[in-house]
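Novice: In order, the protein sequence lines correspond to chains A and B. Reading the first sequence from the start, the letters are residues 1 to 238 in the working numbering. Reading the second sequence from the start, the letters are residues 1001 to 1291 in the working numbering.
Treat the hints loosely; a few may be bogus.
Said to hold, decoys possible - Sample of chain B residues at the chain A side, in silico, Cβ under 8 Å: (1) Lys1162; (2) Ile1163; (3) Ala1169.
Said to hold, decoys possible - Capping the alpha-carbon separation at 20 Å, the derived lysine to aspartate or glutamate pairs in EDC-like fashion look like this: (4) Lys128/A / Glu96/A; (5) Lys128/A / Glu105/A; (6) Lys1178/B / Glu96/A; (7) Lys1183/B / Asp72/A; (8) Lys1160/B / Glu113/A; (9) Lys17/A / Glu30/A; (10) Lys177/A / Glu117/A; (11) Lys76/A / Glu1185/B; (12) Lys126/A / Glu95/A; (13) Lys1178/B / Glu161/A; (14) Lys177/A / Glu30/A; (15) Lys1162/B / Glu30/A; (16) Lys1160/B / Glu131/A.
The set of hints was computed from the structure by calculation and includes no laboratory data. Because the structure is a prediction, the values reported are computed rather than measured. A virtual CB, placed ideally from N, CA and C, is assigned to each residue, including glycine.
Chain by chain, the residues run as shown.
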Amino acid sequence: MSLLAVTNWSVSYGVNKIIHNIDFHIEEGEILLLMGPNGAGKSTVLKSVFGLTPHGSGEMIYNGQSLKPSPDLMVKTGVSFVPQGNTIFSNMTIEENLRMGAYHEVNPVTVEERLEEVISFFPVLKRKRSESAFAMSGGERQILALARALMTSPKLLMLDEPSIGLAPKIVQEVFEKIQMINEEFGTAVVIVEHNLKSLLKIAHRGYILVQGKIAVEGPVEKVAQSDVLEKAFFGELA
Amino acid sequence: MQILLNGLIVGSAYALMGVGFSLIYSTVRYFNLAYGVIAVWGVYVLLFLMERFAVPFPIAVFLGALVSIVFGLGSYVLLFRPMYRRKSSPLVIMVASFGLLIILQNFASLVWGDTTKSVSLSDQILKGYEFFGMFITANQLAIAVTAVLMVVLLELFLQKTKIGMAIRAIGDNQELTKVLGIKTETIILWVYVLGSFLSAVSASMYALEIGVKPTYGVFFVIKAFIAAIIGGLGSVRGTLLGGLILGIAENFGVYVFGGQWQDTVAFVLLAVVLLWKPEGVFSKRRLVSIE
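Chain A on its own, in the form it takes in the complex (with noise of 0.2 Å):
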């Protein structure tokens, strides 16, 4: 059974439909590559499965239980979304930012245990749990996203862009960081991303949308040779 199974999943902009009937799912403990063109649909497609854009039709099926999309639901069943760019709250401290992470989490005890182990696991952050996050450089603030993402120990974590706006080395870190994150604590991991080389190596599986509708899928070996990228962003599949 998957631990994410969408279905005949399309999202409309009034009467555009940018998403077009899409089947995927996410097996757990894996890493899923979502990849396309731009204004192909992919940050689209994980926004409204996380109920943060309407979607139009489709089901969703997660840990055997239907779900309506919507972000207070998908953080209390597991799941933890890290949006691209604007990732942090700059005016708190980075121990408060990461316990606005937890903000479902009813006990107390529980908070503080997690903070104790996700701090732990980004030592960055360890040595400045109580500065303000303002200061953060642009690799720190990606790398408080995630420790903040996984305060409510997610199954599942989706990724919009997390390489945006990075320098290449800062890339490689944050990537070997989800890689670490999804072996050491189980989490599944969705990531939509333009920077391929580096995430092809950790990835598992992987989606080529294009124009809202999967033109590739299977193990990412088999992906990464495929043409279709390729093509689309030269525009010959248009």
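Use these hints to put chain B onto chain A, whose structure you have.
Specialist: Frame of chain A; chain B shown alone:
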């Protein structure tokens, strides 16, 4: 020194008023001009309870503030929230809030009359206190003590409670709070409760000095607005300091130029801040012009 003390005391009332205004702005990003008149309604209820039922001042302040909370929540749920959900521009919502200000002000005139009514701590004349060559009246002492108490409680609430942290988070990055599964509309309701309470308490305290009349709603919202701009919109600590600066500047202005220049001093100060540091004197953020 006496002028400084007077300025600090008036400024503490402005600071409280500004903090509520700033909190609401930071979460919804529109100016709520009805904020002051909602506070005025709280003061009238306080006065009514004291005169009609001899309710002690502190309890009457609290009950008056509860009425302001009802007005504040009502204005949000019935007027601002539907506009906010329809993604009306902040300018349109501000104009609507101005309309509400006029309606509530006229309604207050109808119910309570147009004349200024004085508010006092009790029926008896209370003696003042002298220290280090300065004199402080019982009213001023009540304002200062209330302001300090409210600020401490507010800081504790915002720093230590989940809802307080969510309020700060929404003010910082509302989109991100949605990603964390926080129901922003529920938190905004809490902000209206808090903002309306602060406005009513600060207006009640300031009414000890100047009394109350329906048009004071405009006066209160202007002072709150200036304090918030000086300190940095959305910054609680900045707005507190902004209110104190405003109170001190006004008192020195009155001492030098005369009482009729009080508002002019406030607006000159506002203009200077907007020219020199438009993001607010105590704000870490920088405003960037769009060309």
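Novice: Now tell me if each hint is right for this structure.
Specialist: Each hint tested on the structure:
1. A cut of 8 Å between beta carbons decides the hint on Lys1162/B: the least distance to chain A is about 7 Å, and the hint holds.
2. Interface restraint check: Ile1163/B against chain A, minimum CB-CB distance 10 Å, threshold 8 Å, status violated.
3. A hinted interface residue such as Ala1169/B counts as satisfied when its beta carbon comes closer than 8 Å to some beta carbon of chain A; here the least separation is about 5 Å, so the hint holds.
4. Restraint check for Lys128/A and Glu96/A: satisfied, since their Cα atoms lie roughly 12 Å apart, inside the 20 Å limit.
5. Annotation: proposed proximity of Lys128/A to Glu105/A is violated, straight-line Cα distance about 24 Å (limit 20 Å).
6. At most 20 Å may separate the alpha-carbon atoms for a hinted pair to count; Lys1178/B and Glu96/A meet this at roughly 17 Å.
7. At roughly 7 Å between alpha-carbon atoms, Lys1183/B and Asp72/A fall within 20 Å of each other, so this suggested pair holds.
8. Under the criterion of a C-alpha separation no larger than 20 Å, the hint pairing Lys1160/B with Glu113/A is consistent with the structure, at around 18 Å.
9. A C-alpha spacing of about 29 Å is found between Lys17/A and Glu30/A, which places the hinted pair above 20 Å, so the restraint is violated.
10. A C-alpha spacing of about 15 Å is found between Lys177/A and Glu117/A, which places the hinted pair at or below 20 Å, so the restraint holds.
11. Taking the CA atoms of Lys76/A and Glu1185/B, the gap is about 18 Å. The hint holds against a cut of 20 Å.
12. Annotation: proposed proximity of Lys126/A to Glu95/A holds, straight-line Cα distance about 9 Å (limit 20 Å).
13. About 18 Å separates the Cα atoms of Lys1178/B and Glu161/A, which keeps this hinted pair within 20 Å; it holds.
14. Between the alpha carbons of Lys177/A and Glu30/A the distance comes to roughly 15 Å, so the proposed pair stays at or under 20 Å and holds.
15. Distance check on the hinted pair: Lys1162/B and Glu30/A sit about 33 Å apart at the alpha-carbon level, beyond 20 Å; violated.
16. For the suggested pair Lys1160/B and Glu131/A, the alpha carbons sit about 17 Å apart, so the restraint of at most 20 Å is met.
Violated hints for the displayed structure, listed by number in ascending order: 2, 5, 9 and 15.
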